[in-house]
Structure formats: structure tokens, C-alpha cells
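Protein chains: 2
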Amino acid sequence: MSSRYKAEIVSVGTELLRGEITDTNASYLAAELPFLGIELHRVVTVADDHEQLCQVLRQAMARSDLIITGGGLGPTEDDLTRDCIADVLGEKLSVDPELERQLRTMFTRMGREMPEHNIRQAVLIPSAVSLPNPRGTAPGWWVDKDEKTIVALPGPPRELMPMWRNEVTPRLQARFPGESILSRIIKTFTVAEARVSELVQPFFKAANLEIGIYSKPDGIHIRFIAHGDDAEQTLDTTEAQLEELFSPYVWGKDDDTLEEIVCNWLTNRGLTLATMEDGTGGLLAGSITEASKSSGCFRGGLIASSSETKLAWGVPEDLIKQHGAISAEVAEAMAAAARERLSADIGLSTTGIAGLDSPEGKPPGLAFVGISDDHGTRTWQQNYPPSRADARSRGAVAALFRLRERLIELGLTTS
Amino acid sequence: MSSRYKAEIVSVGTELLRGEITDTNASYLAAELPFLGIELHRVVTVADDHEQLCQVLRQAMARSDLIITGGGLGPTEDDLTRDCIADVLGEKLSVDPELERQLRTMFTRMGREMPEHNIRQAVLIPSAVSLPNPRGTAPGWWVDKDEKTIVALPGPPRELMPMWRNEVTPRLQARFPGESILSRIIKTFTVAEARVSELVQPFFKAANLEIGIYSKPDGIHIRFIAHGDDAEQTLDTTEAQLEELFSPYVWGKDDDTLEEIVCNWLTNRGLTLATMEDGTGGLLAGSITEASKSSGCFRGGLIASSSETKLAWGVPEDLIKQHGAISAEVAEAMAAAARERLSADIGLSTTGIAGLDSPEGKPPGLAFVGISDDHGTRTWQQNYPPSRADARSRGAVAALFRLRERLIELGLTTS
Numbered sequence: 107m108s109s110r111y112k113a114e115i116v117s118v119g120t121e122l123l124r125g126e127i128t129d130t131n132a133s134y135l136a137a138e139l140p141f142l143g144i145e146l147h148r149v150v151t152v153a154d155d156h157e158q159l160c161q162v163l164r165q166a167m168a169r170s171d172l173i174i175t176g177g178g179l180g181p182t183e184d185d186l187t188r189d190c191i192a193d194v195l196g197e198k199l200s201v202d203p204e205l206e207r208q209l210r211t212m213f214t215r216m217g218r219e220m221p222e223h224n225i226r227q228a229v230l231i232p233s234a235v236s237l238p239n240p241r242g243t244a245p246g247w248w249v250d251k252d253e254k255t256i257v258a259l260p261g262p263p264r265e266l267m268p269m270w271r272n273e274v275t276p277r278l279q280a281r282f283p284g285e286s287i288l289s290r291i292i293k294t295f296t297v298a299e300a301r302v303s304e305l306v307q308p309f310f311k312a313a314n315l316e317i318g319i320y321s322k323p324d325g326i327h328i329r330f331i332a333h334g335d336d337a338e339q340t341l342d343t344t345e346a347q348l349e350e351l352f353s354p355y356v357w358g359k360d361d362d363t364l365e366e367i368v369c370n371w372l373t374n375r376g377l378t379l380a381t382m383e384d385g386t387g388g389l390l391a392g393s394i395t396e397a398s399k400s401s402g403c404f405r406g407g408l409i410a411s412s413s414e415t416k417l418a419w420g421v422p423e424d425l426i427k428q429h430g431a432i433s434a435e436v437a438e439a440m441a442a443a444a445r446e447r448l449s450a451d452i453g454l455s456t457t458g459i460a461g462l463d464s465p466e467g468k469p470p471g472l473a474f475v476g477i478s479d480d481h482g483t484r485t486w487q488q489n490y491p492p493s494r495a496d497a498r499s500r501g502a503v504a505a506l507f508r509l510r511e512r513l514i515e516l517g518l519t520t521s
Numbered sequence: 107m108s109s110r111y112k113a114e115i116v117s118v119g120t121e122l123l124r125g126e127i128t129d130t131n132a133s134y135l136a137a138e139l140p141f142l143g144i145e146l147h148r149v150v151t152v153a154d155d156h157e158q159l160c161q162v163l164r165q166a167m168a169r170s171d172l173i174i175t176g177g178g179l180g181p182t183e184d185d186l187t188r189d190c191i192a193d194v195l196g197e198k199l200s201v202d203p204e205l206e207r208q209l210r211t212m213f214t215r216m217g218r219e220m221p222e223h224n225i226r227q228a229v230l231i232p233s234a235v236s237l238p239n240p241r242g243t244a245p246g247w248w249v250d251k252d253e254k255t256i257v258a259l260p261g262p263p264r265e266l267m268p269m270w271r272n273e274v275t276p277r278l279q280a281r282f283p284g285e286s287i288l289s290r291i292i293k294t295f296t297v298a299e300a301r302v303s304e305l306v307q308p309f310f311k312a313a314n315l316e317i318g319i320y321s322k323p324d325g326i327h328i329r330f331i332a333h334g335d336d337a338e339q340t341l342d343t344t345e346a347q348l349e350e351l352f353s354p355y356v357w358g359k360d361d362d363t364l365e366e367i368v369c370n371w372l373t374n375r376g377l378t379l380a381t382m383e384d385g386t387g388g389l390l391a392g393s394i395t396e397a398s399k400s401s402g403c404f405r406g407g408l409i410a411s412s413s414e415t416k417l418a419w420g421v422p423e424d425l426i427k428q429h430g431a432i433s434a435e436v437a438e439a440m441a442a443a444a445r446e447r448l449s450a451d452i453g454l455s456t457t458g459i460a461g462l463d464s465p466e467g468k469p470p471g472l473a474f475v476g477i478s479d480d481h482g483t484r485t486w487q488q489n490y491p492p493s494r495a496d497a498r499s500r501g502a503v504a505a506l507f508r509l510r511e512r513l514i515e516l517g518l519t520t521s
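Going line by line, the protein sequences match chains A and B.
To convert, count from 1 in the first sequence and add 106; that's this note's numbering.
To convert, count from 1 in the second sequence and add 106; that's this note's numbering.
Bound conformation, chain A alone (with noise of 0.2 Å):
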């Protein structure tokens, strides 16, 4: 195990301290590292500044064993990471006519004449060894030096994330063969993260085991990662005490989503869906297209966000009047709506309150799902903390997330 090796990211770019784009590089590179056994104890964010970014190194190279660096790999003058490493380790650039090779291609396949100040892109020191970037002009470094590793990555996440996947993680395994790391995800609905965080105490305790809890739109998503020889035997234990702890809150694992998992199931029984929504604005429909599998269940969607547009799509006019648009009722009554409109077998719908208002004197965070099916209707009342930004998107995640405890209820899963 190779928990004491401890990297540190070095982000760079004064566009990150100018708060023009948010650093998600290290927050995707601080989720890999965990798989890697390797533990990241810093994340400094630096100008495009000679001084500063070599002062950064420095200190970096002194206390970390792993250097991962984003950015500052462009043709600019402004891109100072190979400068700045090549200064620190007191190493000379040089153009590697392989590196000029390509670059030089890459631009004649786009039609273009390589402008001279991308030669930049083009330099090694003896310690680096380049790192193939195949969307972009600016190739990765990999330096080894007085036992000390430096990535150099470039910024755009679009080319950072495939090649820290295909470049750098294979060289980092291979540097710690026979370390067996694996991880699993169980997602969990309608559970406080507070309350998984409590609960999943006792499991940070155990050895060769490490927990991570993420807040993602589609719920509360716990994380384990089992080191050494017994790893799949830890995961499988794991799993199982977690699954027995969030029972009633866990809908999949690893790479499910809740799209997938009802549209699978529907379309293998050869059933069809439709829905009415208020309140989540066409989030819900958005997220069942998104499902590979869409076009065979999915009847299409209708947002009905006035009500006379529910009134047009068959909603009764006295149940509105009676009970308010944000109501079981009219919840009911959409999803009925919006099956038989659709000639659909199922209708799903969702109405309720998003941001801070208060129509119908209603409490702002109310929200309703409606389903509609050949057995009749069921409707499910939340209430969302008023001032959260993703109360739409979370009306979407729990419609969903009925929707397949109905199809569980009914008998009419498939694995």
C-alpha cells in the first residue's frame, strides 16, 4: 500500500483567480486519486506568474511525492508551466522535432498554418517525457526526478480528464503493481446527507476501506474503495451493510441512473410512458431522453406551466379551482391526463413550487407526483427546503425515483 505517497495539485491560471471558471480539474482528479491509493494533501491555485508559479513548485516538490499541474500549457507567453518546471529542476527546453512533427500535422489537418509561437508546445527537458493529447495542441509532460513525479496537465477539463484516463493513470498503476484497488457507488433518494454522513461513521474506521459521501442531483451517492487482496471481498461486505442501513433510500449502484433503470424496465415489458409536468419545467421529460433507451417507452412530454394549458390538456377545470394547481388532485389528474392524451400505458407528472414563492397560499418547496396506470393513481408530497436552486431538478430526481417504486410495486422489474 502506498498510502504515505502524497500528491498535490498545482491548478494555474489567472483565470481561476479571477473567479472566471471554476476549478472542477481538481475536484475530478481529487475523486480519481483515491483509486489509485494515493492521497492528495494539497490543492494550491496559481497566477500565470514566473515567480509565483516556480515559488509553487518549489514548495510543492518539498512536500509531495506526486505533482499534478493544470494549465498553463498553452502557446502564449503567458503559459509558464514547462518554463517554470523546466526552472525548477534546473533542466534547459528544447524542441523535440517528434513533438514539431505532430503539432506541425495537426495543424495542416485543421487547415492551418501552424502560427511560430506554438512551437512552445513543442519543447521537452531530458527529464519529460511527453503525453499525447489528442484533443488539443498542447501535450502533456511526465517528469521524473529525484524521486519526485510532475504531470504536467493541460487545462481544458475536455482534454485534462481523458488524458489523466488514458495517459497518466496506466503509468501511475503500473508504478504500483499488484495493488489491487476497487470501488463501488450505492445512490441513495430521500436521505439526508447529514443523516448518511452519521451513519456511515463506523465505516471510516475500518482498515483498507475508504468513504466518500457525494451530494449529486439525483441524491446522496456513498462511495468505497477496498485496498489489498481481499478488496472485492471488503466491497461486497461493505455493500451489503450499506444496503441493509439505506434499505428503503437506495435505487442503484455504480454507473445506474434512475432514467435508465425505469426506461430498461419498461421497454423490456413493452410498456410506454408520458408526462405532464409544472414546476420542474421539462426536467423531468429531459431526463428520460437522456436514457439510452428513451425512444422506445418515452410518448413524449408536456410541461404545462399555466393552467390553461392543463385545462387544454384534459386536467378538470373544477379540480383546479377546488384544490389549486399544486394539489394531489391536480396531480393525479395530470398524470391521468397526460397518459391518455399520449396513449400511453403509464403517466407520470409532477406540479409544485419552485423558488420562493408562495401562490395558492401554498408553502413555497411544496411539490406533488402524480402516477397513472392500468391499477389506478398514486400521488407522493414532498416538501423541499424553499431556498434551494435545484428544487426543479430534484422534483425531476423524485418523480423518477417513484416511478420505480411503482414498477417495483407492480411486479414489473427485470434485471
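Note that these hints are calculated values from the structure, not bench results.
Relax, there's no trap hidden among the hints.
If several chains are the same, the list does not tell them apart, and a pair holds so long as it fits within one copy or across any two.
Here are the simulated DSSO-like pairs of lysine-lysine, each with C-alpha atoms no more than 27 Å apart in a straight line:
# : residue 1 : residue 2
1 : Lys-427   : Lys-399
2 : Lys-427   : Lys-468
3 : Lys-468   : Lys-399
4 : Lys-311   : Lys-322
Owing to the predicted nature of the structure, the values given are computational and were not obtained by experimental measurement.
On the provided structure of chain A, position chain B as indicated by the hints.
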């Protein structure tokens, strides 16, 4: 001007180093500091570890005038920010009776007894004054010592952000009185970030002016901040220059959103809108329902992700057969069908390919917007880089952007 007043952000939390959450506080604060004429030169993320946090604070004190910490103010033994500030400054922590009273009152109001370890949140050091936190149990600290200022804020963004605005910003403004700092944002669409960056370069050289370029879901935003007595004048001049430079791409400024603009115009003219979407899967209707006046103009939205649904809603079958669902012809028919089906004055449609698929032999990233109104129909074609994760939301923005253009063309704007 206080441009040599240097700030550093210290984000505290092992969960950040595990990638469980992305550090949005840092980018929030980074975007705020220029308004105060303060330069952010470093962001450091450190674990909940006494030795490491003290080390980071010592280094920050040595090189920065203002240190803003986020996190580590909770009630547990892992919450070490208070302890480390005290250690680094050589001061002693003691319970502040007034803070204790407020904390106990807060728990009483929540109907709970205060757990004894929460007393950790009621401590101060002699150099610290507390900053009220109406949304949580952790008050912040404002510490002045040895010409350095430390501001300690809790980690949850919904606590940190209002405390920054309401407590910290006024204190920092009072420290630099007479400093007039104003800002404006110009919002563009359909122009590439690299092009904006290039055209904006000359402005970076202007004294008393700071420029930031932000890539947002609704396009590239250009923010400019002016300092000093002639700040207003500088902003006006800069705005006029930028508007000329980017004229066909500029759609709004400051707090404008495309959905607010088009819904305001439509509502003021008594016109109604209906949508039919494919490829944007509900995001277009969702954006429209975000507008405060949407209920006055939005008749509803149809999500037609399958050809059957398009047919059911009145798109002619032969058009789909002849041109494919992703075509200008079908976008046109969808707009017309939405308009007719929902008795609206204007129909707006999207059809396109999200993701890397190539259905119908068409290139991934191809998309169309259609508009149908009293004067006929119009369509626009666009090609997104297929890899982009936000192709769907870009499609919805594109539809609103084209609707805005169309309303201008028809003379239907109101100001």
C-alpha cells in the same frame, strides 16, 4: 487604489481533497474580490489537519494582506479553523458569553437542546470579532492583527455567500473609503470564447479597467470593472466600444436573461408562445418557465423525442420520411404544429442531435431552430462540437436567441 492589497483564499476540508465537493466558494469569492479593488493571488485547499492548516495559515500570513478561510467552523473536533488561527496568532480561545447565548437561543428555536460540543462554535480570541451567520450555527470571525486581516467563514456556500455580501463586503469597503468601483456585464452568444479573448485584448491594457471573460451556458459574458472617480464614464465608454465590437452577438447586459427578455416583449405585446422540442428535451420550455412573466405568455411545451409523438402532434409524416427528423423542414413543421396545437401566436421548435450519435447519417452536433408566426416560418441551422456536454442547453439558448432576433426583426420589442 489598493491594487497591492493581496488576498489569499484558504479552503479547509478533507472532503474537498477527496473530490466529494467542488470548491465553488473559491470561484465565488474570486469573482467578488475585484469589486473591492483587491487582488487574489493564491487559493490553497488543505485537509482538516491541525499541523497542515497551521502551516498553510502561517504561509498565507507571510505573503498576503487578507486571508479568507472557508470551512472548518463546525462543532466537531475535525473543525480546526478557530484553533489554528488562535495558534498561529499566539492567542487563547475562550467562550464568548454573548455568542453562547445566541447559539443556545438558536437551538431552542429549533426545538432542540444544544449538544455540548457545539460550544466550540461560541469561542473567540481577543483579536477576533464575530460575524453573524443567520443560516447556520457557525458564526464567522473577523480578525485584525499585525496589519493582516483574517476572515473566517463557514464552508456551506449558502452560509458563506450571504455572510460575504452582508458582513464582509461592507467592512472591506469601509477600509477603502472613497474608492469607487463599478462593473457591468455584456452578454454575447454565437461568438467563440477564443475570438472574444482576442478582440478584448486591447482593453486589458487600459488603466483603471479590469476585464473578465466568462463562458456561461447562455454564451460568453464580458465583465468590466472600473476604478476611481471617473469609473462611470470609463464604463460607459467601454460598454459602447464593446457593443460596437461585438454588435451582432450582444443580446443583453448585467442581470438580463434571454427568457426574461423575450417573455417581457411577448407579454407587453399580448403575444403567446408555444414550443416543441427534440434534442433539447425540455430544456427550452424549462428556461421559459424560469422567466418571471412566463405565465403571461407561455402556452406550454411539447417534448417530441420520437417520430410517433411528432406525428401525433401534427408534424407531417412525409416531411420526416423525406428529410429526416433533424432537418430544417421538420423544425419548421414542429414550430407550426406547436403554434397551432396550443393556439399560440408564435411557435418555437428545436430538433437536433445531442451526444455522439449520428442518426439518419447526419453529423453529430447538427441542430435546427424553427420559428412560426403570423408572417411565416424561419429556421436556423447550427453545428455544435459533438463532444460538448452542454449541446442540449446550448440548443435551448440558441432557440431563445433566435426568437429574440425574430422579435427585433418584426419590430415587436418593447423597452
